[in-house]
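First to last, the protein sequences are chains B and H.
Residue 24 in my numbering sits at position 24 of the first sequence; the count goes up by one each step and never skips.
Residue 84 in my numbering sits at position 84 of the second sequence; the count goes up by one each step and never skips.
Watch out, some of these pointers could steer you wrong.
Copies of the same chain look alike in the list, so a pair counts if it fits in one copy or across any two.
[Claimed, not checked] Think about it this way: if two alpha-carbon atoms lie no more than 30 Å apart in a straight line, the pair counts; the simulated BS3-like pairs of lysine-lysine are: (1) Lys30 to Lys3; (2) Lys151 to Lys3; (3) Lys3 to Lys121.
Think of the hints as simulated: they come from the structure by calculation, not from any bench.
Protein chains: 2
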Amino acid sequence: MDKEYLRRAIALAEQNVRVGGGPFGAVIVKDGAIVGEGVNRVTATQDPTAHAEVVAIRAAGESLGTHDLSGCEIHASCEPCPMCWGAILWARMDRIFYAATQSDAAAAGFDDVNFYDELAKPAAQRRTPMVEALRDEGARPFAAWREFSGKVRY
Amino acid sequence: MDKEYLRRAIALAEQNVRVGGGPFGAVIVKDGAIVGEGVNRVTATQDPTAHAEVVAIRAAGESLGTHDLSGCEIHASCEPCPMCWGAILWARMDRIFYAATQSDAAAAGFDDVNFYDELAKPAAQRRTPMVEALRDEGARPFAAWREFSGKVRY
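For reference, chain B alone in the conformation it holds in the complex (with noise of 0.2 Å):
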């Protein structure tokens, strides 16, 4: 690993509070070279799905005009939450590292912890509750995928 990525992912975390954003940063590489890099815009732009990782993966998929990011590693200045991480799986990256650990976002008031206890909970015990309904109905858009020729998978 090269430790130089993971501190410039620090170094833009701590930056980024100071004009009023999350402390979180992420710069993902490929090949020797920085594709994306991301601090926590969640309260700037009014989307919390902004954080740092996220923010980088969609820069890494516009800058390298994929959605495929295999290949690639991330380096994030703190242990990616649920959403990171699942952001991170699907978009195929080699490897996470991190700096700071969902137990050190805790301390500093974010729900990572608690995100994840809640994950390990069977559905029926979440506090957010989830409803099936309508499941017949809901096979038929993968049914119209089956069919459809032209797809993309990912």
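Go by the hints and put chain H onto chain B.
Positioned in the frame of chain B, the structure of chain H alone reads:
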């Protein structure tokens, strides 16, 4: 629950396949009105995070002018993946309605079940390696956050 919103999410999903997108749709409702909608735009926008729920959350945040979607309910054509589930929790939504299940998505070739299975494993056993380093330096952004009087919590 109002099944018409779920039916609309399913219809959006089905329509999206016909224009080359993934078979997923989502509708966010607050106080009896739709405040955000989304379809899967991963391949269309080279954005691996552009799942229907994330697109709908971003739209709702923009239309309501806030990152806090408490009081909102999301209706998804399919059970949210870990990324989208995390996004819904960060958005502080009240409830999740869904039609197809994660196993239905798996049967159509999507990785939702694989990712839920991965999340259930200890981090060291997951297929995407997670490497912690420089934890001491990673504490600096949180120290800056604690000291910054103008911070907006989320």
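- Quick one: Lys30 to Lys3, C-alpha cut-off 30 Å, is that within a copy, between copies, both, or neither? Classified as within: same-chain Cα gap 15 Å, cross-chain 45 Å, threshold 30 Å.
- Task: Since the copies are identical, ignore which copy is meant and state whether Lys151 and Lys3 lie within 30 Å (CA to CA) inside a copy, between copies, both or neither.
- Result: between (40 Å within a copy, 28 Å between copies)
- Quick one: Lys3 to Lys121, C-alpha cut-off 30 Å, is that within a copy, between copies, both, or neither? between (35 Å within a copy, 27 Å between copies)
The structure agrees with every numbered hint stated previously.
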